[in-house]
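S.K.: Listed below, chain by chain, are the residues.
There are 2 protein chains.
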Amino acid sequence: MKFTIEKKLSGKLGRAGKIETPHGTINTPAFIVVGTKATVKALTPDQVKDLGAQAVLANTYHLYLEPGEKIVKAGGGLHKIMNWSGPTFTDSGGFQAFSLGAAFGTTISKLSKPQSNGFEEREKMSESVRSEGMPPLAKITEDGVMFKSYRDGGEHFFSPEKSIEIQNSIGADIIFAFDECTSPTADKQYQKEAMERTHRWAARSLARHKELQIESLKSPNAKPIALFGVVQGGRFEDLRKESAHTIGSMDFDGFGIGGSFDKQDIGTAVSWVNEELPEGKPRHLLGIGEPEDFFLAIENGCDTFDCVAPTRQARNGTLYTKAGKIHIDNTKYREFFAPIEADCTCYTCRNYTLAYVAYLARTKELLAHTLTSIHNLHFIVHLVESIRQSILSDTFEEFKKSFLEGYTKVD
Amino acid sequence: MKFTIEKKLSGKLGRAGKIETPHGTINTPAFIVVGTKATVKALTPDQVKDLGAQAVLANTYHLYLEPGEKIVKAGGGLHKIMNWSGPTFTDSGGFQAFSLGAAFGTTISKLSKPQSNGFEEREKMSESVRSEGMPPLAKITEDGVMFKSYRDGGEHFFSPEKSIEIQNSIGADIIFAFDECTSPTADKQYQKEAMERTHRWAARSLARHKELQIESLKSPNAKPIALFGVVQGGRFEDLRKESAHTIGSMDFDGFGIGGSFDKQDIGTAVSWVNEELPEGKPRHLLGIGEPEDFFLAIENGCDTFDCVAPTRQARNGTLYTKAGKIHIDNTKYREFFAPIEADCTCYTCRNYTLAYVAYLARTKELLAHTLTSIHNLHFIVHLVESIRQSILSDTFEEFKKSFLEGYTKVD
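Line by line, the protein sequences are chains E and Y. With the numbering used here, letter number 196 in the first sequence gets 196, and the count goes up by one each step, no holes. In the numbering used here, each number is its position in the second sequence, counted from 1, plus 1000.
Be careful, since some hints might not be right.
Selected chain E positions facing chain Y (Cβ under 7 Å, derived; list incomplete) [claimed, not checked]:
id	residue
1	L65
2	E66
3	F236
4	F337
5	N351
6	Y356
7	L367
8	H369
Here are the simulated EDC-like pairs of lysine to aspartate or glutamate, each with C-alpha atoms no more than 20 Å apart in a straight line [what the hints assert, rightly or not]:
id	chain 1	residue 1	chain 2	residue 2
9	Y	K1409	Y	E1292
10	E	K364	Y	D1343
11	Y	K1049	E	D50
12	E	K364	E	E335
13	E	K80	Y	E1279
14	Y	K1332	E	E66
15	Y	K1049	E	D46
16	E	K49	Y	D1050
17	E	K192	E	E155
18	E	K70	E	E155
19	Y	K1002	Y	E1279
20	E	K12	E	E385
21	E	K364	Y	D1152
22	Y	K1364	E	E66
23	Y	K1037	E	E335
24	E	K41	Y	E1279
25	Y	K1080	E	D343
26	E	K80	Y	E1341
27	E	K322	E	E385
28	E	K37	Y	E1290
29	E	K70	Y	E1335
30	Y	K1018	Y	D1253
31	Y	K1364	E	D152
32	E	K80	Y	D1343
33	Y	K1080	E	E341
34	Y	K1073	E	E335
Here are the simulated distance ranges between beta carbons [as the list claims (entries may be wrong)]:
id	chain 1	residue 1	chain 2	residue 2	range
35	Y	G1068	E	R350	20 to 30 Å
36	Y	A1338	E	R151	23 to 33 Å
37	E	N316	Y	M1250	47 to 57 Å
38	Y	H1327	E	A74	13 to 23 Å
39	Y	K1332	E	D50	29 to 39 Å
40	E	E155	Y	N1330	22 to 32 Å
To be clear, the hints were calculated from the coordinates, so they are not data collected in a lab. Predicted, not measured: the structure shown is a model, and the values here were computed from it. Beta carbons: idealized from backbone N, C-alpha and C, even for Gly.
Build the full structure now, drawing on both the sequences and the hints.
M.R.: Structure, rendered in structure tokens:
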């Protein structure tokens, strides 16, 4: 994997660049489309490519449980089974293992405001666990995390080595070190302990990955896999800086920024980290985001992003527009014989009226999920691409101002 | 609409031909893909076209209830709203109105063997009505049928005139006269009464259609709509012949063959009808069918078909292969790293293993519906296309024999 910075944002940490992988180049900043179970929900890979996506991120936890990494490997690896020829990522599986477990026991629902980076999903899962009166599903030791499957309650164990072995079997271009993703309500002492454990796990992830790569790359057709280390440290400036310094000094190909932030402080928190991380390696902000998040994260030095929000909201009928979010069930859209957005170039807007898409959603037709997902992903992918272009053409500030001024509607 | 016979099957009623409509030509025999609610479930029109489908059939009953034919018309008509530029059909709405109603009161579940032509759907609906202790939902008079919506219980009335008005608003290329579709368990006396009513309704449908077409075709951009009359008569030879003679002598552009048949007698029953119908007009067998049905129906003179079975079975995990049907949940497919059928040219088989498609189905991923529907529709569309080619090349009997000998597996 090779990362090149093409242009920097004057006086800030932001930059436009490119990540070259064995399956093609990602022009950054870029939104990486989530395909949790080796499928972007409701879309064929052709549709994903057609809407402008450059890369897909799948989930190690889900693929490990079903169909199992051995079957993914026997089927020819992630790219081949899902028929996606472009770059791919997998996360480490840590987030999902923990999000069902002890660290998110009973306090998570007391959060006054769910965080944008995946905590809604986490909260939902924890609530479901609690409502069924089940015990906490994860137990953390120095060695790793013992967790129970959300599907059948079966016991499983992830260590840093195990996560790296699974990810090497799945075979994405870019994978992540195994980290402990703490609850946003955890106190500083716990955050510090977890961060230090994450640092030790990062070293173990790196060591195991090097062993596996040396072995794997003896085969003439094998493609190298890049490993990103994950920075943690919660909302604490000193911990974030310490984590970025420690992880940043290890021999990773790039970095992930994980855990919780206050939405309003996202730019500040990300800048603590990116000021410490080496400039010449790419930085992925895990589980972000919403349209307004990208500007702050990018100007503070993040290169790539992933988030389930665009597709999940699409399936729930929330559509992105440059004026803000709208909901498809609003009765005024029953006779709205124009595209969702008049100047949108996505497949959905080129071919269908909002009236028709709203009708499909109302009558529970499967095509509704496809058409709304295409629109929302196209919106987000092109928003981040537009931010990239604004960096290249020195118009970032103007673009940011004009987008955020327009993006206000909730309808 | 223009129908041309290209070649006849020697010594039989079957033929290959073409139906020219304002939205393109249908080479016959042809399977018309069902898009009940102006969408082929789980597929984009591009996917429908890519799998080889020539035309789509939508349902008047469903579109009338939601979004309403006025909204379909205001949106630009059926082709435009659903983004399908090829030929389209709508049925009359009669089947659905009756299938929820009095004519299918309490006796339908006593059928020892559900008929292939849609009665499974009907039976399921009737059972659901009964289990909720609701009164019969339809009441037939000479004027038409009063029915309650399966969605909200609201009262609605379809007369022949109303059905034709709705269908003209929806704007398909080929529409059907309003008929009474009787229960397969109805006695001969009732079948005769219903058939005679259907004949009177056919005349009224035709009269109203002519009025509307005269008015509509004054507009320079209007495209003519063809009207097919529907033959009924249950399983009785004399009634079927009488119905075919009566309907066949009216000024319809083509014909539908409706109602119930014993599956094993389908060829005989269809031949009664097609011997009477004028040779120079196309014949659509409504709600058929399964792979083995097409040979009998086609050699006995049917030109087009529609059926929900390929897509419904796909969503339930039943896949067609030349060896017979297989079920995707069979554990042996978990590691089946080859396409559903090695020599199938559909998008699914060109790009995915059965192991992956089975995994998507098992984990309830929406893409499973898309990929299985593409395969099953491709199978059926190409089977009927292959029968057409065998007529044109004088190899029908050989093709029929070889297909039916191979198509035996249930797995």
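S.K.: Where does the structure disagree with the numbered hints, that is, which hint numbers, in rising order?
M.R.: 1, 3, 10, 13, 17, 24 and 28
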